[in-house]
Each structure stands twice: as C-alpha cells, then as structure tokens.
Amino acid sequence: MRFSEALPRSLLRGLPPFIMACFAALAIPVVGAEDCLPCHRQKTPGAVRQWELSAHARVKVGCATCHGSDHARIEKGEARVDLKVCGACHKRALGEHQASRHGMALHTGWGCVRNLPGRNAKECQFCHEDGTGLPTSTVQCARFLKQSAAMGQVGCNACHQVEASCATCHSNHGTDLKIARDPNVCATCHMGPDHPQWEMWQTSRHGTLSTSAPSGTGPTCQTCHMPRGSHDVSAGLTLTSGGERLPDAPRTARRAEMVQICLACHSTAFAKRELERDDAVQQESMALVKEAEAIIGDLFDHGLLDPMPGERPPHPLRGRALVLDAQMLYEDTSHIERLFFKMKKYDFAKTIKGAFHQNPAYTHWYGNAELKMDLVDIKAEAQRLRERKRPPQAAAAPAAEGIEARLRALKAKLDRGGITPEAYRREKAAVLEGGGFQP
Amino acid sequence: MRFSEALPRSLLRGLPPFIMACFAALAIPVVGAEDCLPCHRQKTPGAVRQWELSAHARVKVGCATCHGSDHARIEKGEARVDLKVCGACHKRALGEHQASRHGMALHTGWGCVRNLPGRNAKECQFCHEDGTGLPTSTVQCARFLKQSAAMGQVGCNACHQVEASCATCHSNHGTDLKIARDPNVCATCHMGPDHPQWEMWQTSRHGTLSTSAPSGTGPTCQTCHMPRGSHDVSAGLTLTSGGERLPDAPRTARRAEMVQICLACHSTAFAKRELERDDAVQQESMALVKEAEAIIGDLFDHGLLDPMPGERPPHPLRGRALVLDAQMLYEDTSHIERLFFKMKKYDFAKTIKGAFHQNPAYTHWYGNAELKMDLVDIKAEAQRLRERKRPPQAAAAPAAEGIEARLRALKAKLDRGGITPEAYRREKAAVLEGGGFQP
Amino acid sequence: MRFSEALPRSLLRGLPPFIMACFAALAIPVVGAEDCLPCHRQKTPGAVRQWELSAHARVKVGCATCHGSDHARIEKGEARVDLKVCGACHKRALGEHQASRHGMALHTGWGCVRNLPGRNAKECQFCHEDGTGLPTSTVQCARFLKQSAAMGQVGCNACHQVEASCATCHSNHGTDLKIARDPNVCATCHMGPDHPQWEMWQTSRHGTLSTSAPSGTGPTCQTCHMPRGSHDVSAGLTLTSGGERLPDAPRTARRAEMVQICLACHSTAFAKRELERDDAVQQESMALVKEAEAIIGDLFDHGLLDPMPGERPPHPLRGRALVLDAQMLYEDTSHIERLFFKMKKYDFAKTIKGAFHQNPAYTHWYGNAELKMDLVDIKAEAQRLRERKRPPQAAAAPAAEGIEARLRALKAKLDRGGITPEAYRREKAAVLEGGGFQP
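Residue numbers (the UniProt record's numbering), protein chains in the order written: chain A, 1 to 439; chain B, 1 to 439; chain C, 1 to 439.
It is possible that part of the hints are untrue.
When chains are identical, the list treats them as one kind, so a pair holds in a single copy or across two.
[To be verified] Listed next, the in silico BS3-like pairs over lysine-lysine satisfying Cα-Cα at most 25 Å (straight line):
id	residue 1	residue 2
1	K379	K389
2	K272	K43
3	K178	K146
4	K342	K146
5	K84	K60
6	K84	K379
7	K411	K389
8	K413	K389
9	K428	K178
10	K411	K379
11	K290	K342
12	K411	K43
13	K60	K178
14	K84	K178
15	K342	K379
16	K342	K43
17	K76	K43
18	K413	K428
19	K379	K76
20	K272	K389
21	K411	K428
22	K60	K342
23	K43	K84
24	K146	K379
Bear in mind the hints are in silico, worked out from the structure with no lab data behind them. It should be emphasised that the depicted structure is a prediction, and the values quoted were computed from it without experimental measurement.
Given the sequences, and given the hints that come with them, work out the whole structure.
Here it is in structure tokens:
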C-alpha cells in the first residue's frame with residue numbers, strides 16, 4: 001500500500017506541502033500500525049500513547065515505517081532507528097545536522113580497537129554497523145577506547161550517538177517540538193564537569209529571563225545555537241570543541257553569525273564588546289593551561305613523573321608517549337597528569353564556556369578560581385616529585401628544636417598577630433627559662 | 001465530641017468510605033479547631049492557611065487531633081506529630097512505609113552513645129523517645145554518632161527522620177498530593193555528593209520528558225519508585241543502600257518488579273537489556289573500589305597509614321580497627337582513607353545510580369571518571385606513604401645536574417614535540433658550550 | 001517638553017500618586033521614544049519589545065530618559081544606566097538598597113591598584129567613574145585586584161555591580177516584577193561554590209513548597225530577605241558576609257527581625273529553636289576553621305610553608321604577610337593555603353548557609369563533611385611539610401623486608417578480616433619456607 005492510497009484526502013488537509021511531497025516522492029510504504037497496536041497497547045502502552053499524540057500518527061507514519069517488520073531483530077535491539085530512517089523525509093534537518101558538530105562528532109576514525117587484547121566484540125558497535133565494517137560514527141577519543149562495553153554504551157554512547165540518532169533530542173515516539181525546543185533536552189549531554197552549558201544558561205540572565213519574563217523575551221539554548229530552527233548547532237562558534245581559537249577566516253565568519261543573533265536584543269557595539277571580553281578570558285585561561293603543561297612536560301623530560309608512561313599500561317592510541325592533548329586519559333596515569341586533566345578538561349572549559357554564556361559564577365568561581373588553584377596544586381606536586389629524587393637540605397636537627405629556632409617562630413607569630421605582645425613575652429620567658437637561661 | 005456528632009452529613013458527601021470507616025472505627029475525638037484558630041490566625045497565619053486548604057480541614061481533623069492539647073509540650077517541640085499519629089487513619093500507607101527502606105532506616109540499633117564521654121544528652125533523641133528508652137529510629141551509622149547534637153538535628157535527622165515522620169514528604173499542614181508527588185520533595189534528601197538521584201533524574205531523558213512532554217508521558221521519581229501510589233519505595237531495587245548486589249533470590253524478584261514498571265513505555269527485551277548493562281557497570285565499579293580497598297588494607301597491615309588508627313581518636317563503634325565499610329568516617333582519619341571515602345561513598349554511588357537512572361553525565365563524568373581518578377590519587381598517596389619510611393634511591397646529585405642529564409632531558413623534549421628541532425640544536429649547543437665543550 | 005505636556009490625561013489614570021509626584025517634582029524631560037524607535041525596531045527588536053511591554057512605556061519614560069541622548073557615548077558603553085538614574089524616581093528603593101549589603105558592597109575602598117606595575121588602566125573602572133576619580137563602587141577584595149580587566153568585568157563585576165546597577169536584578173528594559181521576584185534572578189550571583197544559596201533554597205522544603213504547593217504557601221528568597229518588597233536585603237541576618245557573628249546588639253535586633261518573618265508560618269518557639277541550632281552549627285564550624293588556621297600559622301612561624309610568602313609574588317594589599325582572612329588569595333600561594341581557601345571560603349560557607357536555609361544535604365554533605373575532610377587533608381599536608389625538612393626515622397631497611405616484618409603484616413591482615421585463617425596459614429608457611437625455615 002502506497003502513501004496516496006493509505007490516507008483519505010480529509011486527513012491530509014493542513015499538512016505542509018513539503019511533507020506531502022516527501023511522502024509522494026519517496027513512495028514510502030505506509031505500513032499501517034494496525035498490526036502492531038493490538039499487542040503493543042498491552043505491552044508498551046506508554047510508547048503507543050506517545051505515538052498516538054504525535055504528528056507521525058496523524059499522517060499515518062506507523063510502527064513499521066521506522067522500525068521495519070523483522071520482529072526478531074527489533075527484539076534484540078538490532079533494528080536501530082538511526083538518522084537515515086528519519087532523514088529519508090527530513091532532508092534539510094539531516095543535511096544541517098550532518099554538517100554541524102553534532103553530525104561530525106569529534107574526529108575522523110583512526111583508532112580501531114580490534115587489535116587491542118581482551119576487548120569485547122560489542123565495542124565494534126561504537127563505530128560500526130552491526131555485522132558490517134561500515135562506519136556509523138566517527139567519534140574518536142582515547143577515553144572512549146579504554147572503556148568497557150557497558151560503560152561505553154551507558155556513559156559514552158548515550159550522548160555521542162547524537163551523530164547517528166535523531167531521538168537523542170527528539171525522544172523516541174513523540175514528535176512534540178516542545179521537547180526538542182526545551183533547554184532541558186540539551187542538558188542530558190551538555191551538563192556536568194566537562195561542559196556545564198545547561199547549568200550556565202539556566203542561572204545566567206538569559207536563563208532567568210527565559211524562565212520568568214513574558215514568553216519570548218528570554219533566549220534558550222535553541223535561540224542562539226539553532227537560530228530559526230536550523231540544525232547547524234555550530235553556527236557562531238569561534239572555538240574548537242577543545243577550547244582553542246579557530247583560524248582567523250572561519251573565526252571571523254562565525255563571530256559575525258553570532259553577533260547577528262545577539263542583535264535580536266543587543267546593539268552591535270555591545271555584542272562585539274562582550275564577546276571580545278570573552279575572547280580575552282579564553283586567551284588568559286589558555287596561558288594558565290600552557291604553564292601547567294610545560295611543568296609536566298619538563299618533569300617527563302627529566303624522568304620524574306611517577307609512574308612514567310613507560311611504567312604503566314600503554315595509551316590505546318599513542319602507546320608510551322606523554323599525552324596531554326584531547327586524547328589525555330584520566331586512568332593509568334600519574335597524579336600530576338590527573339590534576340592536569342581536571343584543569344584542562346573541566347576548569348578551563350568552565351571558565352571559557354562560562355564567559356561566553358554570561359555566567360559570572362561559572363566564569364570565576366567554578367572556572368578561573370579552580371584553574372588558578374589547579375596551578376598551585378600542580379606546582380606543589382611538581383616540587384614534591386623533584387624533591388623525591390633530590391631531597392631538600394634537611395634543617396640541622398638540633399638547631400630546629402633549639403632555643404634560637406623556637407624564639408624565631410615565636411617572633412613570627414607575634415608579627416602576624418597570632419599572639420598578643422603579653423603572651424609573647426610570657427612564652428618567650430618560658431623558652432629562655434626552659435633552656436637554662438635567665439629570661 | 002465524636003466524629004459522628006461533629007460533622008453535618010452534607011459535609012461528608014463525596015468522602016471515600018474508608019475515611020469514613022477510619023473515623024468511625026477509631027472514634028477519633030474531633031477536637032474542633034475553634035479553640036486554636038483565633039490565636040493562630042494571628043500568630044502563625046501561614047500554617048493556618050495551609051491547613052484551611054487541606055483535606056484535613058474539610059473533614060474537620062483539627063489542630064488537636066494531631067498535636068494534642070498540651071500547649072506547654074507543643075511549645076517546647078516535644079509533642080511530635082510522628083507517623084503513629086498519621087498511621088492511626090492512614091493504615092495502608094503506614095504499613096508499606098514501615099516495610100520499605102524508608103521505614104527500616106539503615107540498620108538495627110546497636111551503637112548507643114550513652115557511654116561515650118562528653119556527649120550531649122540531647123543526642124539520645126536521635127534514637128529514643130524523649131524521657132523513655134523506647135526506640136523511635138533504627139538509624140545506625142558511625143558518622144551520625146560522631147556528630148554534635150546540632151549537626152545531628154540539622155544535618156542528619158532532617159532526612160533520617162523519614163522513618164518516623166510523614167511530614168518529611170507530605171509537609172506539615174497541607175495535604176495537597178501535588179507536593180508529595182513532585183520530584184522536588186524527594187530532592188531535599190536524595191541529592192548531593194552521596195546520592196544525587198534527583199539531579200540525575202532531572203537531567204535524564206526521563207526528567208526531560210517529564211518536564212517538557214505532554215502531561216503524563218514522562219516518569220517522575222514516584223512513577224517508578226512508588227508505583228500506583230505505593231509507599232514501598234524499595235520496589236524494584238536490586239542493590240543494597242551501600243551499592244552491593246542483593247542475594248540472588250530477592251534480586252530476581254526485585255528485578256522482575258522493576259521490569260514490570262518499565263513496560264509502561266518500554267519492551268521487556270529493551271528494559272532487561274538496559275538494566276543488565278547497568279548491572280555490568282555496578283560490577284566493574286565495585287572492582288575499582290575493591291582495588292583501592294586492598295591498597296589501603298595493605299598499608300594498614302604494614303603500619304604505614306599516617307596516622308594509624310591507634311594514633312587517632314577511636315572510632316565510636318569499632319575502636320582502633322581499620323573501618324572501610326559503611327561505617328567509615330570522614331574525620332579523625334588519614335588522608336588516604338578520606339580519599340577512599342570520596343571514592344566509595346560519592347563516586348561509586350554516582351556511577352551506579354547514574355547508570356540505573358539513565359544519566360550519562362553522572363554515570364561517566366561525575367561517576368566513572370572520578371572513580372578512576374580517585375584510584376590514581378590513592379595509588380600516588382600509597383606510594384608516598386611507602387617511600388616516607390623507605391625513600392627512593394636519590395639520583396646521584398652531580399649527575400642529575402650534569403651535562404649528560406641535561407642533554408637527555410632535551411632529547412625527551414624534542415621527542416614529544418615540546419621543542420622544535422631548530423631550538424633543540426640551539427639549546428643543545430648552549431649546554432655543550434656551557435660545559436666547556438665545543439658544540 | 002515636560003511631563004505635564006507630554007502625556008494626555010487619559011494615559012495617567014490609574015498611576016499611583018507617588019509616581020505622578022515624582023515626575024512632577026523632578027520635572028523629568030520626557031524625551032519621546034519616537035526618535036529612537038524607528039531605527040531600534042530594526043537594530044535591537046528584542047530590547048524595544050521588552051520596553052514596549054514595560055511600565056516605563058506606559059508612562060512614556062522613553063529611551064533617552066535613562067540613556068541620555070549622546071549616541072557616541074552610548075555606543076561606546078560609557079553612558080551607564082546606573083542606580084542614580086533609576087533612583088531619581090525610585091527613591092525609597094534606592095535608600096533601602098544603599099543601606100543594605102547590596103548597596104555597601106563588601107568594604108570601604110583602600111587598595112587602589114594605580115601603583116601596581118603592569119596593570120591595565122581599565123581596572124580603574126572597577127571602582128571609579130570613567131575619566132574622573134569619583135568612586136562608583138566600594139568593593140574591595142584582593143582577589144578582585146589580582147584579576148585581569150576582562151575577568152574583572154565578566155567574573156567579578158557582573159555580580160558586584162549590584163551596588164551600582166538596578167538592572168542586575170530588574171533586567172535592562174523590562175519592568176515586569178515577575179522577573180525581580182523570581183528566585184532565579186538571585187541565582188546568577190547567589191550560587192556556586194562560595195555561597196550556593198539558590199541551590200540550597202531550591203532543594204529545601206521551603207523551595208519545594210514554593211514550587212509545588214498552592215501559590216503563596218512556599219517562601220522564595222524574596223519572602224524572607226526582602227519582606228514586603230523592602231530593598232534592605234540584610235534584614236534578619238546575624239552573620240557578617242564572612243560568616244562571623246555580628247556583635248551582640250545588632251545580632252539581637254537582626255534575629256528579632258527574622259523571627260518575625262518566620263511567624264508567617266511557624267511559631268515563635270519553633271523559629272527561635274531552629275535558628276539557635278543553626279547558631280550552634282556556625283560556632284562548631286568556625287572552631288574547625290580556626291583549628292586549620294592555627295596549623296598554617298604555625299607552619300608559617302617555622303618557615304615551613306612551600307613557598308613562603310616571601311618567595312612568591314606579593315599580595316596586592318598586604319605584601320609579604322600571611323593572609324588567611326577575607327582577602328586571602330587562591331593564586332600565588334602554597335598548596336596548604338589553597339586547601340584552607342576551599343575550607344573557609346567554600347565549605348564553611350556551605351555548612352552555615354546550608355543550616356540557615358534548612359538544607360540538610362548542603363549543611364552536612366556539601367558542608368560539614370567537606371570541612372572535616374579539609375581538616376584531614378590540611379593536617380596531612382602539614383605533616384608532609386614538617387617532614388620535608390626533617391624526615392621521619394626510616395625503617396631499618398633489612399628488617400622491613402625481612403621475615404619478621406612480613407609475618408607481622410600477615411597477622412594484621414588476618415586480624416582485620418582481610419584474609420581467611422586458611423589462607424593465612426598457607427601464606428605464613430610460604431614466608432617461612434622462603435626464608436629457609438621449616439614452616
């Protein structure tokens with residue numbers, strides 16, 4: 001049964017012409033939901049209810065249109081409704097999505113795990129269609145490769161599947177655009193220590209206005225990052241996903257796009273000024289990260305990391321090298337490198353994303369203040385590692401407990417206001433007396 | 001005045017028969033609110049207003065029905081409206097509550113503080129009815145016993161009183177079920193570093209759908225953990241409150257309960273597959289915790305903890321023993337044990353609860369990544385503690401600053417791309433020249 | 001054109017007399033918005049829309065009334081609409097605001113950066129009107145002075161401008177009181193690691209009732225801290241912004257104010273009892289902070305901080321002194337001082353503010369438990385710093401690896417249940433055999 005036969009004319013009234021064209025052009029087999037519904041009303045009533053309320057139900061896009069009809073494969077979770085299924089009709093959205101960061105994921109694939117010992121075959125499904133060598137994802141990250149199959153699914157893929165699954169944002173059976181347009185739907189992935197964009201937006205003035213002000217005056221995630229319904233979520237972004245500045249030409253073009261979006265509420269001069277201030281925050285923060293990176297590089301050069309890369313399990317992509325870039329690990333590493341992981345991956349990200357999202361608490365407290373404390377911690381640990389192999393001159397033991405040392409400490413305490421002058425005189429007398437001297 | 005006299009028939013229309021039966025059977029003295037209201041409308045207008053809007057007001061369950069009429073005791077906060085008061089009418093809820101984890105608290109009581117020196121007598125009220133030895137709570141936790149009376153009330157009991165107080169979830173004077181059915185009411189206790197279930201739900205797809213989708217399609221805390229209004233909040237839980245797997249028989253029964261709940265939206269096959277993936281995450285995470293636990297046990301065995309349990313205030317329940325289980329403390333302990341506290345109590349909990357609540361950011365970033373970094377930190381601290389008593393071979397001081405060492409470090413820097421070949425040649429030449437050699 | 005001419009009588013109906021009086025008395029030039037709107041409807045449609053919906057638009061307070069008409073200065077961001085502009089009409093709010101902590105900021109200014117080398121001239125604008133020496137702000141904090149111009153604007157001033165800008169809470173172009181009365185508007189500043197009041201309120205029972213209960217029964221930030229619309233946000237506060245108790249006289253007066261506010265819902269006896277419990281939490285927490293402070297003071301007195309204040313960049317206000325008070329820095333400091341920064345500035349604040357906001361998770365887990373773990377960490381680091389100059393007696397190397405030591409460790413493992421008796425016998429036998437002894 002073809003589209004034109006399946007629907008009485010009256011049901012099609014009011015449908016946008018491009019949807020009509022889509023059905024007609026593709027000659028989609030409109031498999032009625034009649035076969036599935038009798039059982040699934042009992043077995044999965046919630047899913048059926050969501051579908052019944054959906055635009056798909058109104059135009060008779062039924063269960064099998066998306067899921068196919070191989071019940072055994074569906075049961076085993078192998079008949080994934082990926083973006084090719086949706087893209088057959090939703091062509092413009094598909095194109096924009098695939099050209100954006102959501103569609104490109106993070107990297108081109110070059111780190112297949114097939115040769116790593118002891119790996120679960122299921123991990124192939126991170127990147128490949130089941131049973132074939134065809135890539136479905138281009139996600140590439142050393143952390144990802146280190147993960148077990150279960151963590152890879154629950155922890156990594158639940159977000160990174162956005163590359164392949166429209167349901168990540170649109171939910172599985174409903175089509176209500178309220179869902180996809182709610183900042184909450186972005187939160188599931190864009191939250192947490194590595195990039196709390198949702199938290200930043202929610203408590204920024206933009207978020208506040210969005211929640212409290214007359215409808216429409218406050219911007220959501222989608223207002224700025226998916227302007228006019230575009231699926232190109234990278235519009236206006238001048239930094240790479242690692243927080244580095246884009247090269248000048250794309251940077252200038254992307255900035256112009258963002259300023260154009262700001263103009264809905266702000267003047268050009270104001271928007272540029274604010275964004276340039278955020279640029280400065282990015283540059284200053286990057287300098288702190290580079291300072292820490294140089295300290296760790298120097299320790300490596302002198303063989304002082306503990307353990308050194310050669311003394312621990314090899315990096316899945318880079319072996320025995322020191323890895324401090326986007327493929328840095330948080331496991332099988334040294335304490336100082338793990339401090340650097342927090343600094344770069346969490347606190348650097350919070351500082352700069354906090355600035356661009358106009359959130360002072362994230363920019364300063366969660367971001368900049370932590371960055372600077374990270375640097376203090378990294379310097380202290382570097383000093384410890386250096387002294388581990390070359391201890392500082394021990395204070396001459398007798399002198400340190402002697403009368404001179406005790407008097408000197410007492411004087412320092414007096415100078416910083418830690419003791420009253422009277423108590424100072426009393427304790428000083430006691431020290432002298434204890435030493436056999438007349439106070 | 002008895003129930004049947006107090007209410008005109010017309011007021012009783014529409015009341016469920018079991019409420020009628022409850023009043024009649026118990027012959028509850030319906031003390032009119034008339035005595036209290038004239039004053040309390042002035043003194044506590046908010047409380048009166050909440051009561052006036054409540055179902056209790058409609059059926060003339062007045063102030064004294066719950067609070068009694070001993071004004072002096074009420075003023076002193078001694079006339080607690082505990083679950084026995086509510087349970088007199090709400091029998092089914094009381095039974096389910098008491099049979100669930102909410103009702104059992106965490107432990108059977110065996111650690112009375114009466115013999116600990118310097119303890120405030122008020123601390124008896126953590127567990128006992130005032131002025132009697134009757135237990136009101138079975139909460140048992142060493143952290144709890146270490147607390148001051150004030151912190152015990154504000155920090156511990158505000159949540160753990162759920163065992164004894166229906167108002168924990170239902171609020172004090174209102175009866176609006178919107179309150180008790182709002183996930184927010186769960187948040188006050190089920191949040192924070194030790195078990196952020198509310199945060200996990202809120203930003204999961206379940207939470208998102210609950211907020212954005214047409215009413216009724218997204219599950220709340222109550223949908224899955226209090227199905228059909230049950231007060232047995234333990235339904236479907238396959239782990240102990242410490243995150244260990246239940247024995248096989250109850251585990252199988254509890255899992256079947258939860259899958260039944262998932263079926264409202266998902267297929268059996270999907271629900272089982274997802275929950276089994278979460279099981280795997282639990283097992284893998286527990287293995288990391290056990291690895292850290294073994295490291296600390298070994299340090300203890302060799303007398304290397306700093307301070308050792310024998311050198312610090314005794315554990316309130318276990319004295320000088322090494323305590324790394326559910327009664328582990330976060331005070332009067334060593335640095336490495338406190339790192340383990342964070343690992344087990346916070347990050348292990350976040351990983352596994354994040355998985356079961358389908359929240360990728362909690363499972364991975366807040367959970368698994370922190371777990372693995374904790375292990376890095378614990379290994380580094382263990383190494384420091386071992387070397388503290390047995391320093392590593394110090395590098396021969398002259399060699400370390402000599403020309404050979406500096407050239408070796410320079411070569412490592414070149415190899416990791418930390419210096420350009422040109423700069424390498426320049427710096428190498430400078431080293432050689434500085435050493436009196438022709439470069 | 002003056003007010004009386006600009007508005008037809010009909011438009012003025014229903015305006016409160018004091019607004020009428022305000023316009024009349026000040027003879028505000030009602031510059032029509034006509035000059036600006038034709039362009040700005042194109043250039044900044046959102047701002048125009050917000051204004052059109054505002055009370056200002058209804059009474060013809062147009063663009064130039066607040067922004068002036070010097071277009072060049074406006075473009076450069078120099079024509080700030082500060083509280084003097086708003087205060088011309090809103091006199092009562094201005095007075096209350098300036099007398100409160102919002103108006104006084106944190107300190108009287110005494111640390112001008114003009115003489116610090118390498119500082120950006122823009123930093124003068126933190127405190128002074130552009131181009132003049134007139135102070136616009138009295139904010140004073142060493143962290144603030146260490147910041148770059150960009151971070152100062154994005155990170156510090158975005159909040160601390162509350163002293164000078166009504167728009168911080170009221171937004172820029174709208175006047176909808178829903179915005180200023182929404183707790184979210186407080187969140188932008190009152191959130192994060194240093195004072196998460198918004199998070200505390202949101203998940204407390206007060207916040208829960210506010211979200212779920214019949215409108216009006218749950219208190220918001222404004223209910224308790226801006227009672228009856230007052231702009232004196234300090235009402236009822238008994239602690240300084242650093243968490244110290246106010247002197248007795250103002251403390252008693254402030255407490256009475258707060259109890260009065262609680263009476264809307266609670267009894268006097270209950271409110272006092274709860275607040276006194278919170279007082280106890282503050283005292284106990286302060287004692288922990290003082291314990292840590294004394295440890296660090298002692299290390300300083302003995303020259304053991306690493307680095308010592310004399311070995312690092314000078315504090316912008318206090319030079320080479322040890323600074324552990326409100327002007328303590330989180331950069332250019334030692335690891336142990338940075339641990340203390342977290343303890344005092346973050347965890348102490350969370351504990352006491354958590355208690356006063358009735359949030360058990362913040363009081364205990366985010367607050368008290370962290371405070372106590374901070375103390376563990378600080379003691380461990382202090383021990384390390386002491387031993388750095390005076391290593392602990394190294395265990396006699398042969399003994400530690402000898403049979404006696406291995407047997408002793410094995411026995412400890414048995415005693416703590418880390419090994420079964422059977423495995424103990426087996427391993428013990430192996431040790432003895434390995435040593436050439438008959439087991």
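Up to 25 Å between alpha-carbons, please classify K342 paired with K43: within, between, both or neither. neither (45 Å within a copy, 42 Å between copies)
Within a copy, between copies, both or neither: which one fits K413 and K428 at a CA-CA cutoff of 25 Å? Classified as within: same-chain Cα gap 12 Å, cross-chain 48 Å, threshold 25 Å.
(message) Regarding K76 and K43, is the shortest C-alpha distance of 25 Å or less found within a copy, between copies, in both, or in neither?
(response) This pair counts as within: shortest intra-copy Cα distance 16 Å, inter-copy 55 Å.
**Asked** How would you label the pair K379, K389 (within, between, both, or neither) given a Cα cut-off of 25 Å?
**Response** both (16 Å within a copy, 18 Å between copies)
Copy assignment of K428 with K178, given that the CA separation must stay at most 25 Å:
Answer is neither: 74 Å inside a copy and 64 Å across each miss the 25 Å cutoff.
Q: Give the relationship of K411 and K428 under a CA distance limit of 25 Å: within one copy only, between copies only, both, or neither.
A: Only inside one copy: K411 and K428 sit 9 Å apart there, 48 Å across copies, limit 25 Å.
**Prompt:** At most 25 Å between C-alpha atoms: does K178 with K146 qualify within a copy, between copies, both, or neither?
**Reply:** Neither: 37 Å inside a copy, 45 Å across copies.
Exercise for review: Go through the copies and call it for K84 and K178: within, between, both or neither, with a Cα cutoff of 25 Å.
Suggested key: within (23 Å within a copy, 42 Å between copies)
### Query
Is it within a copy, between copies, both, or neither that the alpha carbon of K413 lies no farther than 25 Å from that of K389?
between (33 Å within a copy, 20 Å between copies)
Copy assignment of K43 with K84, given that the CA separation must stay at most 25 Å: neither (27 Å within a copy, 40 Å between copies)
### Task
Can you give me the call for K411 and K389, within, between, both or neither, at a CA distance of at most 25 Å?
between (34 Å within a copy, 20 Å between copies)
25 Å Cα threshold - placement of K379 relative to K411
between (29 Å within a copy, 23 Å between copies)
In this structure, the hints that do not hold are numbers 3, 6, 9, 12, 16, 19, 20, 22 and 23, in rising order.
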